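J.: Add chain B to chain A, keeping to what the hints say.
So the protein sequences, as listed, match chains A and B. For the first sequence, numbering that gives the first Met the number 0 gives the first residue as 0, with consecutive numbering after it. For the second sequence, numbering that gives the first Met the number 0 gives the first residue as 0, with consecutive numbering after it.
If you're looking for bench data, these hints aren't it; they were derived computationally from the structure. Remember, it's a predicted structure, so these values are computed and weren't measured experimentally. Treat the hints with care, since some could be wrong.
It does not matter which identical chain is meant; a pair holds if it fits inside one copy or across any two.
When the alpha-carbon atoms are kept at most 16 Å apart in a straight line, the in silico EDC-like pairs for lysine to aspartate or glutamate are as follows [claimed, not checked]: (1) K29 <-> E117; (2) K155 <-> D44; (3) K101 <-> E16; (4) K10 <-> D157; (5) K29 <-> E78; (6) K156 <-> D44.
2 protein chains.
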Amino acid sequence: MYQAVIGQMSKELRQAETWLDAAIAHAKAKSFDPNLYLAFRLAPDQFPFARQVQILCDTAKTAAARMAGKEAPKHEDTETTMEQLRARIHSTVGFLDTLTAKDFEGAATRVITQPRWEGKVMTGANYFLEHALPNFFFHLTTTYAILRHNGVPIGKKDYLGTLTMTAPAS
Amino acid sequence: MYQAVIGQMSKELRQAETWLDAAIAHAKAKSFDPNLYLAFRLAPDQFPFARQVQILCDTAKTAAARMAGKEAPKHEDTETTMEQLRARIHSTVGFLDTLTAKDFEGAATRVITQPRWEGKVMTGANYFLEHALPNFFFHLTTTYAILRHNGVPIGKKDYLGTLTMTAPAS
Chain A
0 MYQAVIGQMS KELRQAETWL DAAIAHAKAK SFDPNLYLAF RLAPDQFPFA
50 RQVQILCDTA KTAAARMAGK EAPKHEDTET TMEQLRARIH STVGFLDTLT
100 AKDFEGAATR VITQPRWEGK VMTGANYFLE HALPNFFFHL TTTYAILRHN
150 GVPIGKKDYL GTLTMTAPAS
Chain B
0 MYQAVIGQMS KELRQAETWL DAAIAHAKAK SFDPNLYLAF RLAPDQFPFA
50 RQVQILCDTA KTAAARMAGK EAPKHEDTET TMEQLRARIH STVGFLDTLT
100 AKDFEGAATR VITQPRWEGK VMTGANYFLE HALPNFFFHL TTTYAILRHN
150 GVPIGKKDYL GTLTMTAPAS
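Only chain A is shown next, with the shape it has when bound in the complex (with noise of 0.2 Å):
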């Protein structure tokens, strides 16, 4: 199940993707630098475009390589335009998809930590649930939300993609 779970956070970023290709070409029909994006925000106070497609990718690496019990691949969070963006997401979406379901064989039961925790853990189980897969959404739907804000015509079955649907057994 968490491979089945990890590989949906890959199918997103591949949406995501697409949505910073729709972004970079609603900046060239309007005639404005597509890399005016990654300042963008929804609040003063939140992570602005750029921000939230780092932590969004780190989300679902941290996840993947913490379940996994594997070493996540390092980014150094310095990108400064849209294709840099694409390139990260793509990254991520490329350790991901090197996991298989042996990679997550006990992961339910590993002991999650990390510094801000102050030595307190998480099971697997309970921080893939509570933390990774909000957190995860989060950034994922933010990305969208700035993007929608500042007029990329992205809709729903953007954010979804495609649908494993089959005709009814007859």
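T.: Positioned in the frame of chain A, the structure of chain B alone reads:
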């Protein structure tokens, strides 16, 4: 696992109730009508706050009902005040919290459909992962973002709620 995720949705909805409380308090402190929030939106062609809360609740109750093979409670979408939206969330939480692990047995292989899919179907597992989960967090975060954008003093801790953390085993 479906029960665990539905439990996390219930937790997030209870967090959302606190955001509405914060919004009402903010409006009172600034001497404006808290029910003004219902019409606020992030983009002209995106649903306003009231509709985001309604869809948020319906995504959770419909996902829970479909996966558990139960009937979801009906709501008429007639809310005109923040207090009524809060009651809508509260009623949804009440339904989610009636479901037990046993209700979700066999959920992954249930056949899920809805009128707009024009006869096509999804397995319970795919529906939950690709449709219910991302839609729930989309409307949750958009609900949060509309309030943040309009000055309500809420933050990431109000979004995540309390984490199940323990001191490490010695």
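J.: For every hint, state whether the structure bears it out.
T.: Hint check results:
no.: 1; hint: K29 <-> E117; result: neither (48 Å within a copy, 37 Å between copies)
no.: 2; hint: K155 <-> D44; result: between (27 Å within a copy, 12 Å between copies)
no.: 3; hint: K101 <-> E16; result: neither (28 Å within a copy, 39 Å between copies)
no.: 4; hint: K10 <-> D157; result: within (11 Å within a copy, 27 Å between copies)
no.: 5; hint: K29 <-> E78; result: neither (23 Å within a copy, 38 Å between copies)
no.: 6; hint: K156 <-> D44; result: between (30 Å within a copy, 14 Å between copies)
Hint compliance for this structure: hints 1, 3, 5 are broken, all remaining hints hold.
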